[in-house]
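Undergrad: Okay, so the sequence shown: first residue is 463 according to our numbering, each after it adds one.
Treat the hints with caution; some may be incorrect.
[Unchecked claim] Distance ranges between label pairs, derived from CB positions:
hint, residue 1, residue 2, range
1, G617, T552, 34 to 40 Å
2, A647, H599, 30 to 36 Å
3, A678, D603, 36 to 42 Å
4, G743, D608, 36 to 42 Å
5, S661, N601, 18 to 24 Å
6, P591, A647, 24 to 30 Å
7, G576, G522, 28 to 34 Å
8, E694, G576, 32 to 38 Å
9, G732, A647, 33 to 39 Å
10, G495, H599, 29 to 35 Å
11, R574, T506, 18 to 24 Å
Derived by calculation from the structure, the hints in this document are not laboratory data.
Ideal Cβ positions, reconstructed from N, Cα and C, are used throughout, including at glycine.
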Amino acid sequence: MTKISSAAAVLALSAGIAITWTAPAYAATDRSGAEVLNIPNSSTCRAGRTVLEGMVTGAGGTLYIIFSRGSNGEPVLSRWARSGSTWTCTGAPTSMPELGHGNDLAYNADYRGGGPALIAAQGSQSAFPSDEVTIVHLNSDGTFGDTEEVTLPTGNISGFCYSATAADGAGKYAARRLNKLWTHAGSGALTSGWTLVSSDLTIHDSRSDQGIDCSANYIWNTKSIIMDTNPETAWNWVYQYNWSGTDVESDIGIPGNGLADEIEDITHIGSDFFVGINRNGGVADSVKAFTE
């Protein structure tokens, strides 16, 4: 992808009213595309939880999303089946307190040779520090099976991803905590074998760390607007790195719509990328296309 120049302003919608905001310093062109999934608070697939957390796609385009009660936790894990361009909730979610804060989700189609599994980062920046991930083994029909907790030697993390196509198809993990990035070979136990590849990722502000995603060649790092206090400068950011932690593209913008839209995670199916948006103020959460 090529660098995008700063935009002078963006047009966003808030409460159904068109509002023009001045773009902040470093702002890029709005890269949030069409909404592909709208999740109101009344959805049975969130079981009364108010906050969208980690999100990842799995086999057949299945979408997995964690919902929680924010600082009160009580996370649930939900599953959404895809037909064409439409995702549909497959039923009531499963309560999983062992997910912790559930800030990020990764998918491995054959975790340590034992079949498909989800891997959830339990921590979230400084508010919910944790060096543990939760492995959720998936049954043959895609439903949730046994879980186990694994402690990483990296220290506290808040972002976690896996790409089966990285390392020439051998697979590779990435974990991020603040501006540090670790990687791990696709095989072997997660309790060792991590390499610190960058201790100073290219980040220009103090916005809050959210989920990450990775592909064969790149890692995408998301940062939310919740550390900002000015609706006029409230943008979410996505940063693109290679597997060595070198900046490829910074300042990819997802408008925060006056501090209402808080990016939580990013995931992809092939060349189609999606961002999960937790929308505050009782507005329905959203999964949007991420345009390259």
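Undergrad: Each of the hints needs a verdict: does it hold here or not?
TA: Do the hints match the structure? See the list:
For G617 and T552, the hinted distance range of 34 to 40 Å is satisfied, since their beta carbons lie about 36 Å from each other. The hint said 30 to 36 Å for the Cβ distance between A647 and H599, and at roughly 21 Å that hint is violated. For the pair A678 and D603, the beta carbons lie near 29 Å from each other, so the given range of 36 to 42 Å is not met. The given range of 36 to 42 Å is respected by G743 and D608, whose C-beta atoms sit roughly 38 Å from each other.
Checked against the hint of 18 to 24 Å, the C-beta distance between S661 and N601 comes to roughly 39 Å, which is inconsistent with it. Between P591 and A647 the CB atoms are about 25 Å apart, so this pair conforms to the stated range of 24 to 30 Å. Taken as a hint, the range 28 to 34 Å is violated for the pair G576 and G522, whose Cβ atoms sit roughly 19 Å apart. At roughly 50 Å, the beta-carbon separation of E694 and G576 lies outside the given 32 to 38 Å, and the hint is violated.
For the pair G732 and A647, the supplied restraint of 33 to 39 Å is violated, since their beta-carbon distance comes to about 24 Å. Checking the proposed 29 to 35 Å range against G495 and H599 shows it holds: the Cβ atoms sit about 33 Å from each other. In this structure the hint that R574 and T506 lie 18 to 24 Å apart at CB is violated, the actual value being about 33 Å.
In terms of the numbered hints stated before, the structure departs from hints 2, 3, 5, 7, 8, 9 and 11, listed from lowest to highest.
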